[in-house]
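Peer 1: Read off the chains here:
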Amino acid sequence: MSTTEEKVKAPKEPLFSKKNKRLITDPLSDNNPITIQVLGICSALAITVQVEQAFWMSVSVIFVMVFGNLIVSLLRNLIPSRVRIIVQLVIVASLVIIVNECLQAFVPDVSEKLSVFVGLIITNCIIMGRFEAFAMSNKPFPSILDAVGNAIGYAWILVLVALIREVFGSGKIWGAAIFGNNLPGEESGLYALGYVNNNMMILPPMALIVVGVIIWIQRTRNKDLVEEH
Amino acid sequence: MKVNKDGNGYTFAFSIILVIVVGVILSSLSIGLKPLKKANVEVKKKMSILSALGVESTRKDGSDKYEKYIKDSYVISHNGVLQENLPEEKQAFSLDVQKQFRDKTIKVEDRLYPIFEAEKDGTTLFVLPVVGKGLWGPIWGFVALADDYETIVGTSFDHKGETPGLGAEIAQSFFEDRYIDEKIAINGSFTPISVVQNGSGFEDQKVDGITGGTITSKGVEKMVNETMEVYYKYFSKNK
Numbered sequence: 001m002s003t004t005e006e007k008v009k010a011p012k013e014p015l016f017s018k019k020n021k022r023l024i025t026d027p028l029s030d031n032n033p034i035t036i037q038v039l040g041i042c043s044a045l046a047i048t049v050q051v052e053q054a055f056w057m058s059v060s061v062i063f064v065m066v067f068g069n070l071i072v073s074l075l076r077n078l079i080p081s082r083v084r085i086i087v088q089l090v091i092v093a094s095l096v097i098i099v100n101e102c103l104q105a106f107v108p109d110v111s112e113k114l115s116v117f118v119g120l121i122i123t124n125c126i127i128m129g130r131f132e133a134f135a136m137s138n139k140p141f142p143s144i145l146d147a148v149g150n151a152i153g154y155a156w157i158l159v160l161v162a163l164i165r166e167v168f169g170s171g172k173i174w175g176a177a178i179f180g181n182n183l184p185g186e187e188s189g190l191y192a193l194g195y196v197n198n199n200m201m202i203l204p205p206m207a208l209i210v211v212g213v214i215i216w217i218q219r220t221r222n223k224d225l226v227e228e229h
Numbered sequence: 001m002k003v004n005k006d007g008n009g010y011t012f013a014f015s016i017i018l019v020i021v022v023g024v025i026l027s028s029l030s031i032g033l034k035p036l037k038k039a040n041v042e043v044k045k046k047m048s049i050l051s052a053l054g055v056e057s058t059r060k061d062g063s064d065k066y067e068k069y070i071k072d073s074y075v076i077s078h079n080g081v082l083q084e085n086l087p088e089e090k091q092a093f094s095l096d097v098q099k100q101f102r103d104k105t106i107k108v109e110d111r112l113y114p115i116f117e118a119e120k121d122g123t124t125l126f127v128l129p130v131v132g133k134g135l136w137g138p139i140w141g142f143v144a145l146a147d148d149y150e151t152i153v154g155t156s157f158d159h160k161g162e163t164p165g166l167g168a169e170i171a172q173s174f175f176e177d178r179y180i181d182e183k184i185a186i187n188g189s190f191t192p193i194s195v196v197q198n199g200s201g202f203e204d205q206k207v208d209g210i211t212g213g214t215i216t217s218k219g220v221e222k223m224v225n226e227t228m229e230v231y232y233k234y235f236s237k238n239k
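Heads up: the sequence lines are chains D and G, in that order.
Quick note on UniProt numbering: the first sequence kicks off at 1 and runs consecutively.
Quick note on UniProt numbering: the second sequence kicks off at 1 and runs consecutively.
Calculated directly from the structure, the hints in this document are not laboratory data.
It cannot be assumed that every hint is accurate.
Here are the simulated DSSO-like pairs of lysine-lysine, each with C-alpha atoms no more than 30 Å apart in a straight line [claimed, not checked]:
hint : chain 1 : residue 1 : chain 2 : residue 2
1    : G       : 99        : D       : 113
2    : G       : 222       : D       : 113
3    : D       : 113       : G       : 68
4    : D       : 113       : G       : 37
5    : D       : 113       : G       : 60
6    : G       : 160       : D       : 113
7    : G       : 45        : D       : 113
Bound-form chain D, shown alone (with noise of 0.2 Å):
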């Protein structure tokens, strides 16, 4: 008998409908994390001077991410409610850890230029934010969807940043120079043209106005995002 009424109540979602799709998709424009929410935005000034650094930030933050969201999902019902942050911090610190020591033991030289960021992420506002907003309260197999496609989010804008600030900085993409030599002296390519890197991009304000510009560029283009005031 119960098994029958159960069948009724809960048709089977298939893995991938509509909705969940729009939990990956969503946060990589009309709801980014970054972009729309302004979240998470500290790591994206500080770390985005070049893009091997972004890159491994994001692997980072969506390692970090999904699986925070699928364990806090699992213990959704087990977690106390009057310690629920705390359950969350501890584990997103563990997560952290876990990624910290990984990139010590395996790629020490990534580990040494991102020094303290890592253990940053345990306060970006977005992997808390995820947790408390969807993990705890939807289903293990969303839950990761909605990290996969929040991390993304984040990641995509992180690695565009960077990208932009070091070419135009540094004159380089992944530490490769992509317009010659610039060391005085022996100048080739563009530089022998007289072509300047613009070292104004390193520094961590024009983070935000490629950021802002980003956000300017995305909210002209769909004016849905525009906030009425």
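Since the structure of chain D is provided, determine the placement of chain G on it from the hints.
Peer 2: What follows is chain G alone, placed relative to chain D:
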């Protein structure tokens, strides 16, 4: 049995179990990865020693190049006396000078000072580790001396958490290279090298500091002078 999830008992039990599980996972991971992390730190140290010699190396060839250039290493005391028959952890390479510097229970007179003797392009060079304090935390590095025991031929500095763009610039080659050709001794007596703010770094015994990184620059000055004084005691006796 129905559990009251809002009760104190449940909250405490959940928290305790969570902390134990997380603790076990993290500590076993840390212990498991320790050998790899230790190897990385050792290669990094070799790379820093080579960098003071002016030899570029990567994590891959760091150990091989270290074997190639470093011919001998030994340890001296604070009074400049060669130490022999030291236990394994106090040998030149494994001696942790940073830990020794931090450890308040070790008196300054009891500190040990390693010397790495290198051979490059037919001449003998001495690579000497230095440790000091920056603005936010420890700074350290290596200074390479020529075989006249007084001319600096290269340095490499590093830091734990100095401000990027300001104090952290001490680890950049433009700053490290300012020490090249300075002398730690004149006419056979130890002479300090000062880090200056007024742009007079081109004069003898003077090095330009970093704008906005004064405390870190002064930390480098103190670190190099204090340590070089000890080493010069040894070198002046054993010329």
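Peer 1: For a quick check of understanding: which of the numbered hints are violated here, in increasing order?
Peer 2: Those not satisfied: there are none.
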